[in-house]
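Enquirer: Sequence:
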Amino acid sequence: MMNVTFNKQDSLVILAIKATLKIRNSNFYSVAVTSLSSQVQYMNTVVGSYMTTNVSLIPPRSEQLVDFLVQAEMGGPFSYVYFFCTLPDIQVHNIVIFMRTSVKISYIGHMTQSSLETHHYVDCGTNFSAV
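118 is the number that full-length UniProt numbering gives to position 118 of the sequence shown; each next residue is one higher, with no gaps.
You may find that some hints are simply not true.
[As the list claims (entries may be wrong)] Simulated pairs of lysine-lysine, DSS-like, Cα-Cα distance not exceeding 25 Å: (1) Lys18 <-> Lys8; (2) Lys18 <-> Lys104; (3) Lys22 <-> Lys104.
[As the list claims (entries may be wrong)] Pair ranges (Cβ atoms, derived): (4) Thr53 <-> Lys8: 31 to 41 Å; (5) Leu87 <-> Val46: 24 to 34 Å; (6) His119 <-> Pro60: 25 to 35 Å; (7) Gln9 <-> Leu69: 15 to 25 Å; (8) Tyr107 <-> Gly75: 35 to 45 Å; (9) His119 <-> Gln64: 18 to 28 Å; (10) Ile90 <-> Gln9: 17 to 27 Å; (11) Thr53 <-> Ile90: 33 to 43 Å; (12) Asp10 <-> Val46: 16 to 26 Å; (13) Pro60 <-> Phe83: 51 to 61 Å; (14) Thr34 <-> Gln9: 32 to 42 Å; (15) Gln91 <-> Met111: 40 to 50 Å; (16) Gln91 <-> Phe28: 47 to 57 Å.
Note that these hints are calculated values from the structure, not bench results.
Positions of the beta carbon are idealized from the N, C-alpha and C atoms, including for glycine.
Please build the complete structure, drawing on both the sequences and the hints.
Expert: Here is the structure:
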């Protein structure tokens, strides 16, 4: 789920990205999700990030949904995004963001890291509020 907020005074577009990650433990022992980090990029520039530790303990042979919220701000050198998103002459205002999410998992004295990279098309002209 994504919410878009416009800050007219600063020509800023703020994305509130609510993401859910399904973590499956197919082992016969519990695993601990020790950290979760996510980074949002626009045009190869980091515009938002999120990091948390001690996320959860997943019992053997089960799965768990982990929700997190990343806030991304596009202004300054990307202030043109504000003008694009608020242009009334265009019906669909799609921008593409890139998200990289990593989890670190600990089990029986070992640590592993898994990453997920996704692209999202965001229609910044809908589902918005103005500040």
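Enquirer: Each hint: holds or not?
Expert: A quick look at each hint next to the structure:
Pair hint Lys18 plus Lys8 holds up; C-alpha atoms about 23 Å apart against a cutoff of 25 Å. Of the supplied pair hints, the one linking Lys18 and Lys104 holds, its CA atoms being roughly 20 Å apart against a limit of 25 Å. Distance hint between Lys22 and Lys104 is fulfilled; the C-alpha atoms sit about 14 Å from each other, no more than 25 Å. For the pair Thr53 and Lys8, the supplied restraint of 31 to 41 Å holds, since their beta-carbon distance comes to about 37 Å.
In this structure, Leu87 and Val46 meet the distance hint of 24 to 34 Å, their C-beta atoms being roughly 25 Å apart. Separation of His119 from Pro60 is about 34 Å and conforms to the stated range, judged on CB atoms against 25 to 35 Å. Take Gln9 and Leu69: their Cβ atoms lie about 24 Å apart, and the range 15 to 25 Å holds. Take Tyr107 and Gly75: their Cβ atoms lie about 42 Å apart, and the range 35 to 45 Å holds.
Against the hinted window of 18 to 28 Å, the Cβ-Cβ separation of His119 and Gln64 comes to about 25 Å, which satisfies the hint. Taken as a hint, the range 17 to 27 Å holds for the pair Ile90 and Gln9, whose Cβ atoms sit roughly 22 Å apart. Under the hint 33 to 43 Å, the C-beta atoms of Thr53 and Ile90, about 42 Å apart, fit the expected range. A C-beta distance of roughly 19 Å is found between Asp10 and Val46, which places it inside the suggested range of 16 to 26 Å.
The hinted range of 51 to 61 Å is satisfied by Pro60 and Phe83, whose Cβ atoms lie roughly 53 Å apart. Restraint check, Thr34 to Gln9: a C-beta distance of roughly 40 Å satisfies the suggested window 32 to 42 Å. The beta-carbon spacing between Gln91 and Met111, approximately 48 Å, falls within the hinted interval of 40 to 50 Å. Taking 47 to 57 Å as the suggested C-beta distance range, the pair Gln91 and Phe28 conforms, at roughly 53 Å.
Checked against the numbered hints given earlier, this structure breaks none of them.
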